[in-house]
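**Q** In case you want the letters, here they are:
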Amino acid sequence: MSDVKKFMYLNRRAPYGAIYAWESLEVVLIGAAFDQEVSLMFVDDGVYQLVKGSDTSESDMKNFMPTYRTLGDYGVRHMFVDKASLEARGLTQDDLIEVAWEDWETEEEVDNIVELVETDQAAQLLSDSDVVFSF
Amino acid sequence: MGTITVDGKELEVDEEGYLANINDWVPGVAEVMAKEDELELTDEHWDIINFLREYYEEYQIAPAVRVLTKAVGKKLGKDKGNSKYLYGLFPYGPGKQACRYAGLPKPTGCV
Amino acid sequence: MADLYTVNKSPFEKNSLKDAIRFSGEGASILLIEDGVYGAVSGTAAEGLVTGASGKKFYALRSDVKARGIAEDRLIDGVELVDYAGFVDLVESTDKVQAWL
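Residue numbers (this note's numbering), protein chains in the order written: chain A, 1 to 135; chain B, 136 to 246; chain C, 247 to 347.
If you're looking for bench data, these hints aren't it; they were derived computationally from the structure.
Yeah, the Cβ is synthetic: ideal placement off N, Cα and C, and Gly gets one too.
Some hints here could point you the wrong way.
To be verified - So these bits of chain B aren't anywhere near chain A, every CB distance computed over 10 Å:
no.	residue
1	E175
2	E193
3	Y194
4	K205
5	K215
6	K219
To be verified - Per the computed footprint, the stretches of chain A lying under chain B, defined by three or more beta-carbons under 8 Å from a beta-carbon of chain B, are:
no.	stretch
7	27–36
8	58–71
All chains should be modelled from the sequences, with the hints used to inform the complete structure.
**A** Following this line, the structure appears as structure tokens:
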């Protein structure tokens, strides 16, 4: 299919201090109905969106961390994380959630689509996308 | 905002009939809503309602219909993982109607 | 007596923490809230802001720390966690509040 476009959602903001992370997530969930090739990129404070262990019980905020784990079911194929941004924040892949992906027809499975990339790789991936949505 | 009466208790619902507070949910909510729709709830309905509640518990959102369809097929058998089967059970739409019975918010992207 | 400075922005995104430290005097209390709590984490490229500041006392709001999945043992030594009641106590025990956004 030649009309399948590569969509890239670029996330650069921390999850709770502003509405961007949740808005991005909602757009990805809605956009999943359109059968495009969808990837997410997490850069700068955006990497905080994937940190596990969030507990909002004392904050009166909705904990939407669990929602990221269903993105594979919504057809998201890749979740790229800029390694330099992660390291600058004292974090490693072990601090991040895992998101599984499965092709329901072929039953092909990927245990974790969260993948660290070097900055030049990230730049290339963004450049190769047909559309980049920034949040 | 309106209310529905379940087990003698008044529960708040929004203008489209969805439960205002998901924590208010008891099985009687589904029974009362189904009765209003003149629908008899069977085990097959409950399979979907329970599935939706488990999905919400794990991911904190109501699934889109196509995600629901696929997941039901995987969990309850391929013969049930299609929209014909789900619409047969929930004629007003599996996303909207079943989520409402399950006490979930309206699925994201569902208009 | 000195002032209470609140900082609610990530140190990686804004200079709020850096400037609050720079413009606060000896004995100041600096309370990190919302995304500001990322400045209280050790082992980051921004930790030097807090570890390098002398003569100031740092606090972080516990509910915001927990919401962001930050384990308590990853906080910089000397940063004290407070709850909302502790926030109020800090407001009462200082001259006034300066919010650095």
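**Q** Decide, hint by hint, whether the structure agrees.
**A** Checked hints:
Listed as a non-interface residue, E175(B) keeps its Cβ farther than 10 Å from every Cβ of chain A; the least gap is roughly 31 Å. The beta carbon of E193(B) is not kept farther than 10 Å from every beta carbon of chain A, the shortest such distance being approximately 6 Å. For Y194(B), the non-interface assignment is contradicted: its Cβ lies about 4 Å from the closest Cβ of chain A, within the 10 Å cut-off. Interface exclusion of K205(B) from chain A breaks down, the closest Cβ pair being 5 Å apart, not more than 10 Å.
Remark: the non-interface label on K215(B) is consistent with the geometry, its nearest Cβ contact in chain A lying 14 Å away (cut-off 10 Å). Every C-beta of chain A lies more than 10 Å from that of K219(B), the closest at about 17 Å, which supports listing it as non-interface. Counting residues of the stretch 27–36 of chain A whose beta carbon lies closer than 8 Å to any beta carbon of chain B gives 4, which reaches the threshold of three, so the coverage claim holds. For the stretch 58–71 of chain A, the stated coverage by chain B is satisfied: 7 residues place a CB nearer than 8 Å to a CB of that chain, which reaches the threshold of 3.
In this structure, the hints that do not hold are numbers 2, 3, 4, in rising order.
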